[in-house]
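Enquirer: The lines below spell out each chain.
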Amino acid sequence: MFLKNCWYVAALDQELIDGKLLGRTLLGEHVLLYRGESGQVIALNDRCPHRGALLSKGRLEGDSVRCMYHGIKYDGSGKCVQIPGQEMIPPKLKVRAYPVVERGHFIWVWMGDAAAADPALIVDLPYLSEPNWKGIPAYLHYRANYLLIVDNLSDFSHLAFVHTKTLGGSEEYAYVTKPTVVERLERGFRVERWHVNSDPPPFHKKVIRDKDSKLDRRNIATMYVPGIFYMETLFAAAGQGAQTGNLAGAKEYRNCQFMTPETEGTTHFFWSYLNNFEGEDSIMSRSLLNSLIEGFMEDKEIIERQQQTLVEDPSFQPLAILADAPLAHFRRVLDKLIAAEQAGAPGQSSQPRATATVAG
Amino acid sequence: MFLKNCWYVAALDQELIDGKLLGRTLLGEHVLLYRGESGQVIALNDRCPHRGALLSKGRLEGDSVRCMYHGIKYDGSGKCVQIPGQEMIPPKLKVRAYPVVERGHFIWVWMGDAAAADPALIVDLPYLSEPNWKGIPAYLHYRANYLLIVDNLSDFSHLAFVHTKTLGGSEEYAYVTKPTVVERLERGFRVERWHVNSDPPPFHKKVIRDKDSKLDRRNIATMYVPGIFYMETLFAAAGQGAQTGNLAGAKEYRNCQFMTPETEGTTHFFWSYLNNFEGEDSIMSRSLLNSLIEGFMEDKEIIERQQQTLVEDPSFQPLAILADAPLAHFRRVLDKLIAAEQAGAPGQSSQPRATATVAG
Amino acid sequence: MFLKNCWYVAALDQELIDGKLLGRTLLGEHVLLYRGESGQVIALNDRCPHRGALLSKGRLEGDSVRCMYHGIKYDGSGKCVQIPGQEMIPPKLKVRAYPVVERGHFIWVWMGDAAAADPALIVDLPYLSEPNWKGIPAYLHYRANYLLIVDNLSDFSHLAFVHTKTLGGSEEYAYVTKPTVVERLERGFRVERWHVNSDPPPFHKKVIRDKDSKLDRRNIATMYVPGIFYMETLFAAAGQGAQTGNLAGAKEYRNCQFMTPETEGTTHFFWSYLNNFEGEDSIMSRSLLNSLIEGFMEDKEIIERQQQTLVEDPSFQPLAILADAPLAHFRRVLDKLIAAEQAGAPGQSSQPRATATVAG
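Residue numbers (numbering that gives the first Met the number 0), protein chains in the order written: chain A, 0 to 359; chain B, 0 to 359; chain C, 0 to 359.
Treat the hints as calculated values from the structure; they're not laboratory data. Please note that the accuracy of each hint is not assured.
Repeated chains share a single entry, so a pair holds when one copy, or any two copies, can fit it.
DSS-like mimics (lysine-lysine), calculated; alpha carbons at most 30 Å apart, straight line [to be verified]:
1. Lys299 - Lys164
2. Lys19 - Lys299
3. Lys19 - Lys72
4. Lys78 - Lys299
5. Lys19 - Lys3
6. Lys164 - Lys78
Only a predicted model underlies this, so the values are computations on that prediction, with no experimental measurement involved.
I would like the entire structure built from these sequences, with the hints used as guidance.
Expert: Encoded structure:
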């Protein structure tokens, strides 16, 4: 059961080059994504209503697509515009079109009630388009339910054990740091965590000159339904007073991750890891891309095995520890939204807004 | 749910050489096919009733087969004739035998009530055994329900889009030609279609000398339940009056295709593509075999993906266009026969016969 | 449905070297097996109760194991002893521990009620630890229910057909020999079978000098629930009177095989094939290991195909022949024990004991 009336990332802009007809399953539905010759991105149900052939195996013609089984043609709104050998077009012969928005290299689609699809509801992440933030948008496929990835991002103590030699840096991270702020938001959570006087973690070490000095590290992680995550990371020289506001010389990252269900058991994982300190070549971005993939592979192994455990034994009830408070809040929020949607409530109506702040 | 009281092609004669014990699933049942030393082809249920071992992993002994788990032996009628170490043979210990007929390189079996298995009910395709018709019988395995292949053969407008560069020749075929005759038959349909003044399609071009002259092309396709298809194809010089009966110098093909369900989701596809104009070597037949495989692979990709669509979403209801009239008639006929069979009606009682002729 | 209150072989001792965390599914449960630094073998449920990660992907620390997702640590009794970043340990946060006994190179576990786990209930096979019996314990994985392997071992007439050229020696074995004694035991059966004046079978021929003389061969096979099998095999010179007690110069084997369900459809198969006539090098044991693997592969092919047949058609009812009497008795015994266990009866209460002796 997925939340339908919200925006999901469906693709990277670079996936829709050269008239590519991209067939992708989203929330269990086959969706065809393409950029028409007008430049507009179009999302249609990826199934010819005539005999069920895939439109993504068809042919792009302008902003239209032709099914290459019996030649039936649909325009960008899903309307049938030609049946070879037949004059009259039955009005029922049409394909569902999904609202689409292109923003900051990501293609967002709305899988629910099209009338409720307000682009203003897309979580605003300005650094995805600002030129001083550099990064390389990328994609990974997970054989796991998207919420297991959300869970993973809800507790950064896993950095200590899963990512010791990649994104984390030491097991100490789990023992000496704790969330300093946990905010329960109307549609998610926000967690702040400091690791002061620490060694630079391996991924960061690779892109800085001074590899020996201690740093104060701050992570502020924000998660919104359905699975929109961004983390503001900062490294400042240890002791200069970053915690009280002196950010001089700090190096910052913005980690944007978008979890889109493919099916109940698989996920499209999109991300961009941005930095504000590299020049015009992309050498640091490429190093960071490699580091992130290395780290995500560590997560992926654990999370995909977790998925198997849940499938094998659906009765398994995880036991919460204190660090699971954000995760538990997120699940409650999402369950409530899905229940409301199933009961016929209208779609998302306002921008995300905090409702409570709790010292961690 | 399959129609049981009818003949299905189970194998090619060339598959039963050298005492081969061929295990093949037909209509969801494991069947053992072999040619006994007497020359007779035998079809038995492919499971030893003792402990369920496969008889096709056993040993041929004369016209009998011995299970090689505990050595129990069955004759060609399925009767148990030996239990090593035991005198008395329990009468229950026997294997089901299926009626078999060998005809024109194909092995036909009857999976229903053996008492109703009249060889006269096999659709008569004389060119399969006539020496002036040349061809190479062949086999393909489909991961799709057999009726999706029947559907495919019911509307030849797909030649235009699926087989443009192989069996079809041009997209024009879908726009300028239409069935001229559609006959609804008691057990199937018959469709006639002309494409006058057309370029020779690629498969035909490969086996003729004059590759540039225009041709008049006629296809008459006939389909009978459960999935017996043949098409009479003719190419005559454009303008000589083939449509009004002047067939001088025409080159003809006979396309015989037999769809036999392996399971609900897979199909045995047998065919022979015959021509009446080659000499004694088989060079044209081999070229045509290659062309047909090339074309069938194009169908297979679409049809197997269609199968996935139906499995993923069993609620999908295809929307008919005008060209689907033969297909819809065939499905009705088959559904009615299966319903009657399930209700206990006797098997097929007469040769196929036309009941209506409708101008297309 | 498995019998829980009994001992199963879970591993070979050689599998637990070098601090290996062995994750293995037993009776459908994920079990972690390891040898702690104290030397003790420990079996825990292989799932961190926090978020379901595999403990077998964790880290050995002394006799404890640490989950490497969020760093939670459990001792050898399954008690949680550390949560990084959290003082208080919730009492519910613990892992199930299974009783374990190490004996004669095999690791036995008790998957049922721990209070009933009496090591005295392990079937006593002294030659597994006696120095004059030589052999190499080994493992095979079967894609079949463990009872199909039990069935296989219940009727040695299959030696004649399945293992003609490996363990059996001739098809004659099925025709001229029969069980001479069949004992129905409270928890299994015992079958004695002689093949007098016979050629040495291939596996034996490989390890003896005199390959031409006839031998009297005796097999006494014993099977106990849940799937504990041993066979006492003897080869004596033909005619010397082995059947009446003269065992001078006889060569003996002890075949120990343990079938442990992995899941309903897969099995862990452990064995050791011992002889009492080789010297201190292991050359004969290695030859016999190879011969046994060769023979087991012949069984495996048949049995795994049998499994498929049963899965495809669960309604299949095997038809018994006379040789199936031990098999049928074993199934009845096991079904009764499982039914009693499901109804809440206490576990195994006594050593295996014969209740009836029937001339075969």
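Enquirer: Indicate which option fits the pair Lys164, Lys78 if close means a Cα-Cα distance not exceeding 30 Å: within, between, both or neither.
Expert: Intra 53 Å, inter 28 Å, cutoff 30 Å: inter-copy only.
Enquirer: For Lys19 vs Lys3, is the C-alpha pair at or below 30 Å within one copy, between two copies, both, or neither?
Expert: within (26 Å within a copy, 46 Å between copies)
Enquirer: Which holds for Lys19 with Lys299 at a C-alpha limit of 30 Å: within a copy, between copies, both or neither?
Expert: both (28 Å within a copy, 22 Å between copies)
Enquirer: Should Lys299 paired with Lys164 be assigned to within, between, both, or neither, using CA atoms and 30 Å as the limit?
Expert: within (16 Å within a copy, 44 Å between copies)
Enquirer: Treating 30 Å as the Cα threshold, decide for Lys19 and Lys72: within, between, both or neither.
Expert: The answer is within: 17 Å in one copy meets 30 Å, while 50 Å across copies does not.
Enquirer: At 30 Å max between alpha carbons, let me know whether Lys78 reaches Lys299 within a copy, between copies, both or neither.
Expert: between (40 Å within a copy, 28 Å between copies)
Going through the hint list in order, the structure satisfies each hint without exception.
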